[in-house]
Amino acid sequence: MEDTGTVVAFWILAALTVGAALSVAAVRNLIHSVVLLIVSFAGVAGLYITLSADFIAVVQILIYIGAIAILLIFAIVLTPRAGRLNQEGFMLLPALALAVLVAGTMIFVAFDTSWAISERDGFEETATAIGDLLLDKYALPFEIASVLLLSAIIGAILLVRPEGAEEGPE
Amino acid sequence: MAIILSGEWYDLRDLANPIRELIDALGAPDAVDYVLWSLIAALAILIWLVVSVIAFIWIERRLVALMQNRKGPNRVGPAGLLQPIADAIKLLLKEAITTRDADRILFWLAPIIVFIPTIVVFAVVPFGESMVLADLNVGVLFLIAVAGIMTPAVFIAGWSSNNKYALLAAMRAIAMLISYELIQVLALLAAVLFIGSMNLQAFVSWQDEYNTWLIFILPLPVVAYVIAGAVEINRSPMDLSEAESELAAGYHTEYGGIKFGFFYQAEYMAGFAIAATVTTLFLGGWTLWGLEEWIPGWIIFLGKLYAVFFLYIWSRGTLPRLRIDQLMAFAWKFMLPLMLVNALVIAVEVVVWEETGASRNVALPAIGAVNATLAVILVIGWARVLGHGSGLQRGYRATLTREIGKIYYTGAEVS
Amino acid sequence: MDSVDLEHFLVIGAILFGIGLYMSLAKRNFVGVLIGIELMFNGVNLTFISFSRFVESAEPLNGHIFVIFVITVAAAEAAVALALAVLLYRLRDTINVDQIDLLKW
Amino acid sequence: MTIKSEPFVVNVGPQHPSTHGVFRLRLTLDGEKIIDADMIMGYLHRSMEKLAEERTYTQNIPFTDRTDYLAAMTGNLAYVIAVEKLMNIEVPERAQFLRTIMAELQRIASHSMAIGIFANDCGAWQTPVMHMFRDREKILDLFEMACGARLTLNYMRIGGVSRDIPDEWMPQAHKLLKELPKRFAEYEDLLLSNEIIIARSRGVGVLTPEQAIAYSVSGPMLRGSGVAWDIRKADPYAAYDKLDFEIAVGTNGDCYDRFVIRLAELRQSLYMLEQALDMMPSGPVHQRLGTSTVQPGTQPIAPLAFRPPVGEAYGRIESPRGELGYYIVSDGGPSPFRFHIRSPSFINLTPLKLMAIGSTVADAIVILGSVDIVVGEVDR
Amino acid sequence: MTTYVTGIQLAHSIDGQFPDAVEDGQPEFAVVKSDNLIEVLTWLRDDPDHAYQFLSSLTGVDRIQWFEVVYHLESFKHNRAATIKVRSDDRENPSVPSAVPVWLGAQLQEREAYDLFGIRFEGNPDLRRIFLWDGFAGFPLRKDYLNLPGGKRPGLERFPGEPGDDLSGRGTK
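Chains as they are written, first to last, in the numbering used here: chain A, 1 to 170; chain B, 171 to 585; chain C, 586 to 690; chain D, 691 to 1070; chain E, 1071 to 1243.
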């Protein structure tokens, strides 16, 4: 990827993503943290576009920003007395050390391995191909995923169901 | 002269073509060329949006005034035409108040975030044959995904104001937007199933090629999309998150001056975005059965877009507002099953058409008729199943009597 | 700096994963932990997509498929986690993971 | 799925689009559900009852305009009826008919506003109000012809009305009566079977007749609960005993019933007006009450000051909002010793808490809209 | 036509049921002793011959020597109206039993009377100020609220413009 536009876009997006992610861990207010998380998600979506994964990029925006961030906000708003602070617990230093270690190892591996880089260009159209793959080769995992989603919905509803709730709709 | 004789004269009317020619003539390197072209297009879209919003502030106020037996703005300039500008100046000159306990950063950020999705949507909308900023392969999905950014923006606005009306409205808005996003997705899914592509230009060219509009073939998804769009842009009867009579101004209660102006403008822009989507996907976009040869495509497109937007003005001048639980019930109990059945039916139809290989002159009217009939049957039948038109959903007149002191109470049904 | 290669994306993925790991281990608030997990998912996804783009393969889109499944799982996880947070809050009046130290209540 | 959440206190008002004035409703919410409601009023309290003890009986008439400013005629009427009861004055026939006509016109104007604003509270964006204003303007034009004012009319006098109607008045009124049925049919078409209004108001804010009677509510609220009680029928004043009309009652006691009753009463008022205009006798419009001591020599139509006998009287009428009563105690002086307004808006608010608890915020607004308060009358 | 039951009639029928409960009977009203008020009102509401289910109006009057609370009652069944009064002689802390247990509609009206006259309604579940704010000094509808110089009380004694002593307030004679 030597295209000037892509390179510039990559560096901007990379700075945005990593900067926002670092701020997510650093800011004190949880709501600010979630807002920065949204920025980080958007940056990752931009990186997907530079990787010519347009379908995944859009899905990233749709699911991560449109759904998961909202769920996180719900989790904060529905627990008003629990505090909105994003502070660290007693695990601060070990966690930091472990995180640096893991990330360092991965970076080292990334640079140390000689990857079998292919010479092909980015994908032309991914959505149709992904659809074909999902319904053909990965049909079974696809079905399992739908079952997983269903059980997650049912589980979530059962979990927050008030005790002694009457049967049927209110 | 040469251009007119060569038969490409109407190309000039498609504003994108001369501009591209011009930039090509400059002979700049590709990168500069690309950036220049994008900048001009983006600027053009922005200018069009701002002008349209200003125009429609006046048009909406005059139209609603017409529906309400009054004159509307008629003092500033001829026929009140300068009223939006006067309003804009007023908003600009007002003090930008930040309430003391507001979350200052987010409070200022929210009006800006709200702008992003409404403008970005237009990047994929084809205004004309070559007038599209980004010809995305997943354009339809992009429309939905970008509109989803609205949700956190509205929440941030409501939450950061530290106002109870605003927070209540923000919670309502989140619940509403998430529910109706589902309806939007299912409505567009039906269309995508039929066309077999998520590219917006492909939609337009399909409708051009088959000489029909998708609205005639898929009536139910269009209605569902327009209704879900009303939720997204807070138009009555779904304007719950800024319900004037309940929550003052909803999530932007604490916003004044230009920050309020941003919300106001973003709302119109989102309305145009919905209208643009409906136009492109279901109303043939910039084509009009061959007339695009003579009239520039973007004029046709804008005409259709404004016509769709008029629906929202009309509903605002006419309809009362639903309650939040009724709105959610409408989404989950009424629209969702209907849209699922509809998507299934359309998938079956597409397969049957492919298998039988029927000619389009037979297949399209047949599918359209089936879908229209099915839509009517489904809507009426499902409404009956849900108990519509009986019990608490039935209207009546008052009982008249001449006897004093008698009690006519028959026992109330409580909702 | 004049070209972007696989390693660049892998580094960003690793950094996101590291931040996520740190947050999910160190944060006291349940939502903070959740945010960490989501960041880790993002790092992994980015890695998948970049492999899919750069690495020689007969079926290059497999990485995309994996990402779709990861996103599915993430959505399901977020929904259940929200329910858990609400339930925890209802039972213990806190979602501070330090204070949720009873194995049974 | 219900998620337990914290109680959340929301102040609706004192400055709020749907409190119809400066009235405050403090709602305690659990999510969107109301678990407690408290009314806080007095923002418009002008101590009229105290002020009236400092003015003569005639000087008090303008106060009665300013309690229920949407129905000044009925406010005037209730007060003069109370004073006439106190002083045992017979009012001339023509004045009785004029009073009836004005009161019914006022009822149409007031109910129009109530219906329009109720639709507004249901979320319609101003359109019904604006349409209702159109009719109301015509009626206010008639008032202006009759007494020179449009809102605070000050038309009734103790012993009659302040002046006779001009000659052009009757044709104008007949013209209006021809126009209005078409409009009412339009409103019934648009509002009565409007899906959203039905969805918003049916089954909301239910009052059973027992509750309604126990809570002393009156007017459309009492009739909405199915109690056929109308002072115009039960205890006719002015010329109501000569007119034929029916009482509109509801059967469910919900907000929708109160709303349809107002729509039905528009028709009944129109019917009464047609009869009254036909039956209007000629003659004097005022019973002279002796001479005024203010300007000896001249004979003003209503003396500024006089001394009623010692005693007390409770005069009541059916105002658009319910039973409007004036309780007047005289100690023989030139001004009332005690001047009490039994205001329907105020007393109709008593069961608000009962109706609001258990419903949602949006319902509370609709309930408040269906009670149809005028804050000037609530606070006085 | 509503029959307005005279106070004398009403006093007689109350007297028949509750001896010693009636204090006074005038053409316009009957006065009941404050001790018997609740049982009299309950009886008036429930007795099928009276059936005054509807409390039309409740208000206070400052009669200078005493405070009185006026109940205007209404019977839908018989289309009858009656007036009952109860007196409280205590100038500083007047108090009468609350009618809320009999008619819930008395709730706001009693609050109003308390706010403006300072009459305490014993048993009212929510006796707070209603129009004026908590901590407002005095009770404005009392005749001695803001006495004029010389112990005179506000109110018109003579016609405006009529020659006479300046500002001779009522209640002083």
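In short, the hints are calculated from the structure, not lab data. Since the model is a prediction, treat every value here as computed from it, not as a measurement. Virtual Cβ for every residue (Gly too), placed ideally from N, Cα, C. A hint or two may mislead.
[What the hints assert, rightly or not] Derived lysine to aspartate or glutamate pairs resembling EDC-like cross-links, with alpha carbons at most 16 Å apart:
#, chain 1, residue 1, chain 2, residue 2
1, D, K865, D, E827
2, D, K723, B, E573
3, D, K1043, D, E744
4, B, K334, D, D720
5, B, K334, D, E827
6, E, K1147, E, D1159
7, E, K1213, D, D1021
8, B, K576, D, D726
9, D, K740, E, D1214
10, E, K1147, E, D1117
11, D, K828, D, E858
12, B, K576, D, E900
13, E, K1147, B, E573
14, D, K1043, D, E827
15, D, K775, E, E1093
16, E, K1147, D, E900
17, E, K1103, E, D1117
18, E, K1213, D, E827
19, E, K1103, E, E1162
20, A, K137, C, D678
21, E, K1103, E, D1214
[Claimed, not checked] Pair ranges (Cβ atoms, derived):
#, chain 1, residue 1, chain 2, residue 2, range
22, B, V521, D, D879, 43 to 49 Å
23, D, K865, B, K241, 48 to 54 Å
24, D, D879, E, M1071, 49 to 55 Å
25, A, E119, B, K264, 27 to 33 Å
26, D, G838, B, R564, 22 to 28 Å
27, E, D1204, D, K865, 53 to 59 Å
28, D, E876, B, G247, 33 to 39 Å
29, A, L22, B, G247, 25 to 31 Å
30, B, L236, A, D3, 32 to 38 Å
31, E, M1071, B, I550, 49 to 55 Å
32, D, T842, E, D1204, 28 to 34 Å
33, E, E1162, B, D495, 29 to 35 Å
[Unchecked claim] Chain A regions said to be covered by chain C (calculated; three or more residues, Cβ under 8 Å):
#, segment
34, 46 to 59
35, 115 to 124
Checked hints:
Between K865 of chain D and E827 of chain D, the direct Cα distance comes to roughly 14 Å. Compliance with the 16 Å bound is thereby established for this hinted pair. As the CA atoms of K723 of chain D and E573 of chain B are separated by approximately 39 Å, the hinted pair breaks the 16 Å bound. A distance of roughly 36 Å separates the Cα atoms of K1043 of chain D and E744 of chain D; the hinted pair therefore is violated under the 16 Å criterion. Straight-line distance between C-alpha atoms of K334 of chain B and D720 of chain D comes to about 13 Å, which keeps the hinted pair within the 16 Å bound.
A C-alpha spacing of about 38 Å is found between K334 of chain B and E827 of chain D, which places the hinted pair above 16 Å, so the restraint is violated. A threshold of 16 Å between alpha carbons decides the hint, and for K1147 of chain E with D1159 of chain E the separation of about 35 Å lies outside it, so the pair is violated. Simply put, K1213 of chain E and D1021 of chain D have alpha-carbon atoms about 13 Å apart, close enough for the 16 Å limit, and the pair holds. Taking the CA atoms of K576 of chain B and D726 of chain D, the gap is near 33 Å; set against the 16 Å cutoff, the hint is violated.
A hinted pair counts as satisfied when its Cα atoms are at most 16 Å apart, and K740 of chain D with D1214 of chain E qualifies at roughly 12 Å. For the proposed pair K1147 of chain E and D1117 of chain E, the alpha carbon gap of about 11 Å is at most 16 Å, so the pair holds. Taken as a hint, the K828 of chain D and E858 of chain D pair is honoured in the structure, with Cα atoms around 14 Å apart against an allowance of 16 Å. At roughly 12 Å between alpha-carbon atoms, K576 of chain B and E900 of chain D fall within 16 Å of each other, so this suggested pair holds.
A hinted pair counts as satisfied when its Cα atoms are at most 16 Å apart, and K1147 of chain E with E573 of chain B qualifies at roughly 11 Å. Taking the CA atoms of K1043 of chain D and E827 of chain D, the gap is about 35 Å. The hint is violated against a cut of 16 Å. In summary, the hint linking K775 of chain D to E1093 of chain E is not supported, as the alpha carbons are separated by about 25 Å, beyond the 16 Å threshold. Of the supplied pair hints, the one linking K1147 of chain E and E900 of chain D holds, its CA atoms being roughly 13 Å apart against a limit of 16 Å.
Our distance criterion of 16 Å between C-alpha atoms is broken by K1103 of chain E and D1117 of chain E, whose separation comes to about 19 Å. A distance of roughly 42 Å separates the Cα atoms of K1213 of chain E and E827 of chain D; the hinted pair therefore is violated under the 16 Å criterion. The straight-line distance between the Cα atoms of K1103 of chain E and E1162 of chain E is roughly 19 Å, outside the 16 Å bound, and the hint therefore fails. Taken as a hint, the K137 of chain A and D678 of chain C pair is broken in the structure, with Cα atoms around 47 Å apart against an allowance of 16 Å.
Of the supplied pair hints, the one linking K1103 of chain E and D1214 of chain E is violated, its CA atoms being roughly 25 Å apart against a limit of 16 Å. Between V521 of chain B and D879 of chain D the Cβ separation comes to about 46 Å, which falls inside the hinted range of 43 to 49 Å. Between K865 of chain D and K241 of chain B the beta carbon distance is about 24 Å. The supplied range of 48 to 54 Å is therefore violated. A beta carbon spacing of about 38 Å between D879 of chain D and M1071 of chain E contradicts the range 49 to 55 Å that was offered as a hint.
The beta-carbon spacing between E119 of chain A and K264 of chain B, approximately 60 Å, falls outside the hinted interval of 27 to 33 Å. Hint check: G838 of chain D to R564 of chain B, Cβ distance near 47 Å, so the stated range 22 to 28 Å is violated. In this structure the hint that D1204 of chain E and K865 of chain D lie 53 to 59 Å apart at CB holds, the actual value being about 54 Å. The hint said 33 to 39 Å for the Cβ distance between E876 of chain D and G247 of chain B, and at roughly 34 Å that hint holds.
Between L22 of chain A and G247 of chain B, the C-beta spacing of about 52 Å breaks the proposed range 25 to 31 Å. Range check, L236 of chain B to D3 of chain A: Cβ separation about 54 Å, and the 32 to 38 Å hint is violated. Taking the beta carbon of each, M1071 of chain E and I550 of chain B are about 53 Å apart, inside 49 to 55 Å as hinted. Evaluation of the 28 to 34 Å hint for T842 of chain D and D1204 of chain E yields a pass: the beta carbon distance comes to about 33 Å.
The supplied range of 29 to 35 Å is broken by E1162 of chain E and D495 of chain B, whose beta-carbon atoms lie about 53 Å from each other. With a threshold of 8 Å between beta carbons, the proposed coverage of the segment 46 to 59 of chain A by chain C holds, since 9 of its residues qualify and at least three are required. Only residues whose C-beta sits within less than 8 Å of a C-beta in chain C count toward coverage, and the segment 115 to 124 of chain A has 7 of them, enough to reach three; the restraint holds.
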